[in-house]
Structures are given as C-alpha cells and as structure tokens.
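Number of protein chains: 2
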Amino acid sequence: MSIPPPECLKSPMHVPSKLLMGPGPSNSPPQVHQAMLKPLLGHLHPEFTQIMDEVKEGLRYLFQTKSDVVCCVSGTGHAGMEATMCNLLEPNDVILIAQNGIWGERAADMASRHEADVRVIKKPAGEIFQLDELEAALKEHRPAVLFLVQGESSSGALQPIYGVGPLCQKYGVLLAVDAVASLGGVPFFMDQWGVDVVYTGTQKVISAPPSMAPIAFSDRAMAKVRARKKPIRSFYADITWLANYWGCDGSPRKYHHTGPVSSVYALREALSLVCAEGLESLWARHAACAQRLHDGLTALNLQLFISDPAKRTPTVTTIKVPEGVDWMKVTKYFMNKYRVEISGGLGPSAGLVWRVGLMGYNCTSDNVDLVLKIMKEALDQQSIITSKL
Amino acid sequence: MSIPPPECLKSPMHVPSKLLMGPGPSNSPPQVHQAMLKPLLGHLHPEFTQIMDEVKEGLRYLFQTKSDVVCCVSGTGHAGMEATMCNLLEPNDVILIAQNGIWGERAADMASRHEADVRVIKKPAGEIFQLDELEAALKEHRPAVLFLVQGESSSGALQPIYGVGPLCQKYGVLLAVDAVASLGGVPFFMDQWGVDVVYTGTQKVISAPPSMAPIAFSDRAMAKVRARKKPIRSFYADITWLANYWGCDGSPRKYHHTGPVSSVYALREALSLVCAEGLESLWARHAACAQRLHDGLTALNLQLFISDPAKRTPTVTTIKVPEGVDWMKVTKYFMNKYRVEISGGLGPSAGLVWRVGLMGYNCTSDNVDLVLKIMKEALDQQSIITSKL
Numbered sequence: 019m020s021i022p023p024p025e026c027l028k029s030p031m032h033v034p035s036k037l038l039m040g041p042g043p044s045n046s047p048p049q050v051h052q053a054m055l056k057p058l059l060g061h062l063h064p065e066f067t068q069i070m071d072e073v074k075e076g077l078r079y080l081f082q083t084k085s086d087v088v089c090c091v092s093g094t095g096h097a098g099m100e101a102t103m104c105n106l107l108e109p110n111d112v113i114l115i116a117q118n119g120i121w122g123e124r125a126a127d128m129a130s131r132h133e134a135d136v137r138v139i140k141k142p143a144g145e146i147f148q149l150d151e152l153e154a155a156l157k158e159h160r161p162a163v164l165f166l167v168q169g170e171s172s173s174g175a176l177q178p179i180y181g182v183g184p185l186c187q188k189y190g191v192l193l194a195v196d197a198v199a200s201l202g203g204v205p206f207f208m209d210q211w212g213v214d215v216v217y218t219g220t221q222k223v224i225s226a227p228p229s230m231a232p233i234a235f236s237d238r239a240m241a242k243v244r245a246r247k248k249p250i251r252s253f254y255a256d257i258t259w260l261a262n263y264w265g266c267d268g269s270p271r272k273y274h275h276t277g278p279v280s281s282v283y284a285l286r287e288a289l290s291l292v293c294a295e296g297l298e299s300l301w302a303r304h305a306a307c308a309q310r311l312h313d314g315l316t317a318l319n320l321q322l323f324i325s326d327p328a329k330r331t332p333t334v335t336t337i338k339v340p341e342g343v344d345w346m347k348v349t350k351y352f353m354n355k356y357r358v359e360i361s362g363g364l365g366p367s368a369g370l371v372w373r374v375g376l377m378g379y380n381c382t383s384d385n386v387d388l389v390l391k392i393m394k395e396a397l398d399q400q401s402i403i404t405s406k407l
Numbered sequence: 019m020s021i022p023p024p025e026c027l028k029s030p031m032h033v034p035s036k037l038l039m040g041p042g043p044s045n046s047p048p049q050v051h052q053a054m055l056k057p058l059l060g061h062l063h064p065e066f067t068q069i070m071d072e073v074k075e076g077l078r079y080l081f082q083t084k085s086d087v088v089c090c091v092s093g094t095g096h097a098g099m100e101a102t103m104c105n106l107l108e109p110n111d112v113i114l115i116a117q118n119g120i121w122g123e124r125a126a127d128m129a130s131r132h133e134a135d136v137r138v139i140k141k142p143a144g145e146i147f148q149l150d151e152l153e154a155a156l157k158e159h160r161p162a163v164l165f166l167v168q169g170e171s172s173s174g175a176l177q178p179i180y181g182v183g184p185l186c187q188k189y190g191v192l193l194a195v196d197a198v199a200s201l202g203g204v205p206f207f208m209d210q211w212g213v214d215v216v217y218t219g220t221q222k223v224i225s226a227p228p229s230m231a232p233i234a235f236s237d238r239a240m241a242k243v244r245a246r247k248k249p250i251r252s253f254y255a256d257i258t259w260l261a262n263y264w265g266c267d268g269s270p271r272k273y274h275h276t277g278p279v280s281s282v283y284a285l286r287e288a289l290s291l292v293c294a295e296g297l298e299s300l301w302a303r304h305a306a307c308a309q310r311l312h313d314g315l316t317a318l319n320l321q322l323f324i325s326d327p328a329k330r331t332p333t334v335t336t337i338k339v340p341e342g343v344d345w346m347k348v349t350k351y352f353m354n355k356y357r358v359e360i361s362g363g364l365g366p367s368a369g370l371v372w373r374v375g376l377m378g379y380n381c382t383s384d385n386v387d388l389v390l391k392i393m394k395e396a397l398d399q400q401s402i403i404t405s406k407l
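Residue numbers (the numbering used here), protein chains in the order written: chain A, 19 to 407; chain B, 19 to 407.
Please note: incorrect hints may appear among the correct ones.
The list cannot tell twin chains apart, which means a pair is met if one copy fits it or any two copies do.
DSBU-like, lysine-lysine: derived pairs with alpha carbons at most 35 Å apart [said to hold, decoys possible]:
1. Lys247 <-> Lys355
2. Lys188 <-> Lys141
3. Lys242 <-> Lys338
4. Lys28 <-> Lys56
5. Lys242 <-> Lys56
6. Lys140 <-> Lys248
7. Lys141 <-> Lys355
8. Lys394 <-> Lys56
9. Lys242 <-> Lys157
10. Lys248 <-> Lys272
11. Lys140 <-> Lys272
12. Lys140 <-> Lys247
13. Lys248 <-> Lys141
14. Lys56 <-> Lys338
15. Lys272 <-> Lys350
16. Lys157 <-> Lys141
17. Lys56 <-> Lys36
18. Lys84 <-> Lys28
19. Lys272 <-> Lys355
20. Lys247 <-> Lys141
21. Lys84 <-> Lys36
22. Lys157 <-> Lys248
23. Lys350 <-> Lys141
24. Lys272 <-> Lys394
Just so you know, these hints were derived from the structure itself, not from any lab.
Given these sequences and hints, build the entire structure.
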C-alpha cells in the first residue's frame, strides 16, 4: 500500500462543548442529536417518505404556505441559494439583487455563473430597502426575479418583505427571499406576502445541524421553471426532480438522489419542537431576548451597528467595536475563557463589528446574560491590557 | 396563523430497525451514529478544521492518493457526480461516457446540462469495457474527459480501471471515475492508476449515513479547472472554493459554505474504522463474503446476472429472477418477515434481477447466511403460493 493509513485517525476525535452564540450554526437540543442515533432507512422506504412528509408539513407551517412544492435541497444554506438561482434563471434573464451585505454579493456571484443579466442596487451594510426604492428599481430594470435577503447576517439588518410581493406581481416579477438567518426568529408569511421562492438553513433558528436547505416554490415560480427553454443546469438541485422525490407533484416518487437520512430525522425532530412551541411564541422569544441583549449592551456603553431598532433582525445583533478596542481579543476572550462563540464581522462588516446570534435553542435570557457578563469582563480586561501598554 | 402547526409532528417519529442489504445505504456502526451526538462546532473553528484534516487523510488512504485536492462535496453521491461534471466541463467540451447502466445515463444527463458534447459508448447492463474498445473510442471521439463507473450498482458490473489511465494520458484525456458503489470494497489506486477525478458516497462501504460525496482531483484535473474560460456554473460545488475550505490549496481557509458538521464527525469515525481494519482486509472481507453469497445462491439453483466472476463487483450482487417468480413478492417477504432489505433492479436491470449489497459494516458472513436463508424461504413460499394458483 503506497499510502499508509494515517496516524491521526488512531486517536479519538476531539470535540469540545461550546456555546455557539455567533451567527450560526447554533447548538442543537439533545432530542435533535438523539434522532440521529436512529437506524438508517432506505431513501425510498415508506417509513422514510412518511418522515419526509412530516418534515414537509413542518416546513409549510414555518414558511406559512400551502404551496405544493416545499422540500429540502440536500446541502447546506448556500445550496438553497444555488437552487434558487439555477432553477429560476436562464441565460440573459434579468435578476435584480438588493445588496446590503455579503448575501447579496454571493447571490450576484451565483446568478452571474448562470449567465443571468445581474443588476444590483446597493446600500451600505446595515441599511435596508424601502418599497418606493424597490419599485423604482423594478421599473428601471424590469427584472424576471427580485432577490432580497430578509436577515442579512453580515450586518444584522432586517429587510421588510411585507408589501414587496404585490409590487412584484404588478411588474410581473418573481420574488425570491433568502431567509437563512431570519426564518423562525421573525414573522414570515410566504403566501400572504406573495413570496415566490424562499429558502433557509437547518442550523439557525430551526436548531438542527447544518445539512439541508429547506425551500419552497410558489405556483408562479414553478410555472417559470416549467416554461424554461434551457434545461436546469443542476440535476442535483433541479426542483422538478426534488419536488417529485419529496412527494410534491402528485406523481409516484422516483429515485432522484439518496436523501441524507439521518439529517432528515434531525430536521424532523427540530421541526416538531418548533411546532410544539408555536411560531408566535418563537417570534416573541427572539424579540424579547434581542431586546434584553440590546438593553444590556447599551448599559455597557456599547453602540449597536444599526441604530434604528426596527431595522434589526433579532437573530443577529451587530455591535460596533469601540475605538481602540481589538475586536479579536474580545472574541478570543469569549472562546478561551468560556468556550462561548461570538463572531467578528463578515464581508462589508469585517473588522467593524461583533456579531451575536440569538437563534432557536440558544435564544434564552440566560444565554443573553452570559454574553453580557463575558462582554463586560472582556472589555474590562482589554482596558487593563491597553492601560498596561 | 393561517397555516396551523401540523398534527403529524405531535407524534413521536417512527423509525423501525432494518438490515439494509440492498445497494445502499448500508447500516452504520454504533460508533458512527454516536459521533453525531457530539456537540456542534462552528464550520471554521480550529477543532473542526482539524477533524476535516483528519477526514482528508482518511480519504487519501481510501483513494490511495497523495493529491492535494481531496475533500467532500456537502451533498450525497449524486453531488459528487455533479461536481465532477460542472468543474471539468465547459460548453462544447467532448466527454466520452462508457455507459452500461444507470450511472452512465445520469452522467450523460448531467454533462448535457452543462452543454458538453456528450458521446456515449454503450454496452448492455452487466457487460464491461475492454481496454482496446476504450482506446478505439478515445481515438474516434478525442474527448477532453472519459467517464467510467467502477461499480455499476444497477447491474453489479465491475469495470476494470487499471490500464485506462495510461491510455488517457496518451490521448490527453482526463479520466473521471464514479466509485460510489465500489470504493473500499475492491482495490482502487488513484495515483498508480492515473485517475484524475474520483468520487464516492459516505453511505456505501464507508458505512456513514448518506450526507457527503468524498472527491479527489489530480493536478492534471485541477489544471483544466484553472484554465477554464467560463466560470464553474456551481458556486457550491466549485472545486477551487471547496479545496480552499478543506485546506487543500495552501491558502488560509475562507468561508465558502457551512459544512455539515455532524456528518463530518460521522464520516471521521467511519474512516477511522476503515483505517483501523486496513484496505487489504476490507477488500478481502468483501471478496470472501461475495464468494460465500455467490456459492450459496448457486446452491439454491439461482443464477447470477453476471456469469463471469471477474466482472462482478463484490459490493452489489445481481441475481436473475427465475422465470415464473414474482420478484417483488420476494423482496416483500424479506422486508415484511425479517425487516431485511434486498432490492429489485434499477434502470436497465429493473424487473430482471434482485440486488444484494455487501458493503462495509453489513458485509459479514452472518448477514450473507441470513440473506441466503431468507431467500430460500421466500422462494419456497412463492412456489407454494404459485402451486396454489
């Protein structure tokens, strides 16, 4: 054997316990981990397709939709974004991307790989788009698709979606929404709001491990897919195949790909917890914890990156790094002393902010208080260190 | 709330224990399930990238390669096929696909979605391609890529790969191999055999849950990727990004996508078991169990679909359904009475064969004997039923 077995796999795997209070993944509750102890089933066994059906019902509740096509891409959140782009866009289709952070940038990257005609309207990180601004852009660019990010995790901004759907319908545009970092933490009504495609990730508010990208397509979105002139470039993310595998199209399930069986179990259990709590309670819990965090940060003389509370997603709080403070020393203090993760910025917010996530299982007042306590210590520590220099 | 929480998620999830002796997924050992109990880490935490590095070393052993670019696509086996196509092919690139079952068909589907010039050489299910036939086709079609399936799970055929690499190098062709249903069960030497891209799935011989597609690219393959004129259509499967995230390119890891953390833990533990056993032992175990199964089936007067033992992959045995026997009644007997899965055919072998998988954790003489015992009962049962009609 010219390549011997590696030494590193002879030692036990080392996985420390951490409290993940960054912008995701968040921790999963024990029930969700335990679901993955259950034995594997075949990807088309009736007991497994039953579980897929249950997941689908849970997702219909979470997305607030009666749409037929509600399923999961068997990949993490980015796979949901890619599925949106590769199914909706044909070469030269115009897509309008409202960009105020990294997700709009990634969406533009993906759309351009599909040879779409990518038009971008930009705002600085932390800002959001108003209805009149969106309408002006729709009029100007006449896109086939408008792409918005509900919770921009790089800045902490919450983009209002209410009101955009009717505008899109007026201009014959499909509305696609990235709800990875927001869904379950804030209200979302796919049908009432007129959203045509929405996707999320399992590892945020849902609190399952990162593994799948739940996604829903409206009838209007499916009509565009079915009217395509060119084939969908991806077989794996082809929504017509996925919809069949997930039992959404009324036809017998065909073998598309092997579903990630254990991950589907975990998602099923996580959704059962979401449904047992109820969306109203989940939203209220996120709002209350975010308020407690924001109040506590203000009491520490810290400033939030987004000054208008209405523009903040409760799921990701961005905090300005005060002048003279080394942001990385603070995140290291959190991790090294307490094994608690908070993050620095990302993309346009890199170096400017800390990001604290409050998502699903981790969104509790105890965790908020712990973050505040450590933040105070870390800043005190740093001022001591600074004064020593 | 116009969509109420679904009733179905109020009941506990129902997952029966089954012995999966079909062509995959196969069962995972307890250690592998237990790995998924470990707490989540961030997708770029040093403890997690350490585990990714360990997975990479395990995969280098399994693929028998020193290549830098060894990683996983965060999707199941089909995602590996798609990553191969979308990275290697540009519009109008000629790809030659040796098609003797469903995987060659799917590969042709995927390649054509990428607007490649797809040339197919066909053989009936169960047949394999000889070196002189491949050379003649390379001469005729002058492809950029030759695609072979080592273990064609729809027919049970084992395509020899040895000798194809030098041919491909002679004609300036990249050699891509699907080893989903074979890797670990039969010898495979990426470097020695001159394979340029190889991928597999986690749920076959590796015996982890379906979740990821381990994949390796040679330097020659990466050179083609880097010389592309058009961007790789998929961001999610872009091997240059994946290679960076998996620490294969010597640059600091950037945030590409959120890796499926728990699935990586499971794969790490499964690979540690593979490495502890050693490839020679693993190959010998598969060969011995397959021999035991084939002998036992012959003793039951059943015929194997592939008559030449050298052309059979030990991982998937295809058995001719005798005339007058209802194949589905037999598979139902296995499942209903014993909760053991064996499968019918797939694609070109549908209705003609049963398929029995011997993969990794499930590849034991006890399981072989159990399958033989049930098969005898099922056939006896059916002849009784048949004689009653």
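Going down the list of hints, with the structure as the test:
Proximity of Lys247 to Lys355 under the C-alpha cut-off of 35 Å is found in neither arrangement, the shortest distances being 57 Å within a copy and 49 Å between copies. Within a single copy, Lys188 and Lys141 get their C-alpha atoms as close as 24 Å, which meets the 35 Å cut-off; across copies the closest is 54 Å, which misses it. For a Cα distance limit of 35 Å, the shortest separation of Lys242 from Lys338 qualifies neither inside one copy, at 43 Å, nor across copies, at 44 Å. Within a single copy, Lys28 and Lys56 get their C-alpha atoms as close as 26 Å, and across copies as close as 18 Å, so both meet the 35 Å cut-off.
Within a single copy, Lys242 and Lys56 get their C-alpha atoms no closer than 39 Å, and across copies no closer than 43 Å, so neither meets the 35 Å cut-off. In this assembly of identical chains, Lys140 and Lys248 lie within 35 Å of each other by CA distance both inside one copy and across copies; the values are 30 Å within and 26 Å between. Proximity of Lys141 to Lys355 under the C-alpha cut-off of 35 Å is found in neither arrangement, the shortest distances being 37 Å within a copy and 63 Å between copies. Proximity of Lys394 to Lys56 under the C-alpha cut-off of 35 Å is restricted to the inter-copy arrangement: shortest distance 30 Å between copies versus 43 Å within a copy.
For the homomeric pair Lys242 and Lys157, the shortest alpha-carbon distance inside one copy (20 Å) is at most 35 Å, but the shortest distance between copies (42 Å) is not. For a Cα distance limit of 35 Å, the shortest separation of Lys248 from Lys272 qualifies both inside one copy, at 22 Å, and across copies, at 33 Å. Taking the shortest Cα distances, Lys140 and Lys272 sit within 35 Å of each other only across copies (24 Å), while inside one copy they are farther apart (42 Å). Taking CA atoms no more than 35 Å apart as the test, Lys140 paired with Lys247 passes in both settings, with 31 Å inside one copy and 29 Å between copies.
Proximity of Lys248 and Lys141 under a CA criterion of 35 Å is satisfied in both settings, with 33 Å inside one chain copy and 29 Å between copies. In this assembly of identical chains, the alpha carbons of Lys56 and Lys338 lie at most 35 Å apart only when taken from different copies (33 Å versus 44 Å within one copy). When the C-alpha separation of Lys272 and Lys350 is checked against a cutoff of 35 Å, the pair qualifies only between copies, where the shortest distance is 19 Å, while the shortest distance within a copy is 49 Å. For a Cα distance limit of 35 Å, the shortest separation of Lys157 from Lys141 inside one copy, 18 Å, qualifies, whereas the shortest one across copies, 55 Å, does not.
Both within a single protomer and between protomers do Lys56 and Lys36 lie at most 35 Å apart by alpha-carbon distance, with minima of 24 Å and 11 Å respectively. When the C-alpha separation of Lys84 and Lys28 is checked against a cutoff of 35 Å, the pair qualifies only between copies, where the shortest distance is 19 Å, while the shortest distance within a copy is 50 Å. Taking the shortest Cα distances, Lys272 and Lys355 sit within 35 Å of each other only across copies (25 Å), while inside one copy they are farther apart (51 Å). In this homomeric assembly, Lys247 and Lys141 come within 35 Å of each other (Cα to Cα) both inside a single copy, at 34 Å, and across copies, at 32 Å.
Within a single copy, Lys84 and Lys36 get their C-alpha atoms only as close as 38 Å, which misses the 35 Å cut-off; across copies the closest is 34 Å, which meets it. In this assembly of identical chains, Lys157 and Lys248 lie within 35 Å of each other by CA distance both inside one copy and across copies; the values are 27 Å within and 31 Å between. For the homomeric pair Lys350 and Lys141, the shortest alpha-carbon distance inside one copy (31 Å) is at most 35 Å, but the shortest distance between copies (60 Å) is not. Proximity of Lys272 to Lys394 under the C-alpha cut-off of 35 Å is restricted to the inter-copy arrangement: shortest distance 30 Å between copies versus 56 Å within a copy.
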